[in-house]
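Using the sequences and the accompanying hints, generate a full structural model.
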Amino acid sequence: VQMLTRQPTEGRSRGGGLKFGEMERDCLIAHGASFLLLDRLLEQSDKYTAYFCKACGLPAYYDLKQERFICPIHGKDADIAVVTLPYAFYLLLEEMMSMGIYPKLLFGEEV
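Taking the working numbering, the leading residue of the sequence shown gets 668, the next gets one more, and so forth.
Below 30 Å or equal to it, Euclidean Cα-Cα: the simulated DSBU-like pairs (lysine-lysine) are:
1) Lys743 to Lys721
2) Lys721 to Lys732
3) Lys732 to Lys771
4) Lys732 to Lys714
5) Lys743 to Lys771
6) Lys686 to Lys714
7) Lys771 to Lys714
8) Lys743 to Lys714
9) Lys743 to Lys732
10) Lys771 to Lys721
Simulated DEER-style distance windows between Cβ atoms:
11) Tyr718 to Arg681: 27 to 35 Å
12) Ile768 to Ala722: 16 to 24 Å
13) Lys743 to Phe774: 15 to 23 Å
14) His698 to Gly742: 41 to 49 Å
15) Thr716 to Met690: 23 to 31 Å
16) Met764 to Gln674: 16 to 24 Å
17) Lys743 to Arg692: 39 to 47 Å
Since the hints were derived computationally from the structure, they do not count as laboratory data. All C-beta atoms, glycine included, are put in the ideal place defined by N, C-alpha and C.
Encoded structure:
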């Protein structure tokens, strides 16, 4: 597993997983094999559980003193959603936030 992206290393010689590229992904999309697609690109790759504020869509952080997740904008009273997503996407969100760009996830009726 690569340290930065938490994805399997490439190639059998390195003890990694099989390459699953864009053409393979497009083929599964065309066949409607959504569960296989979910398994290959999320479950067997870099599945990550993150916590987001439902009101503002920003990632929540864990407060050790209060033993709960807290929104950086709305505080402890925020409604927090548990989201399963690829770690590579979460890493992209964090890198964008480090540059001052704050992408927000939409929940519920807004989607």
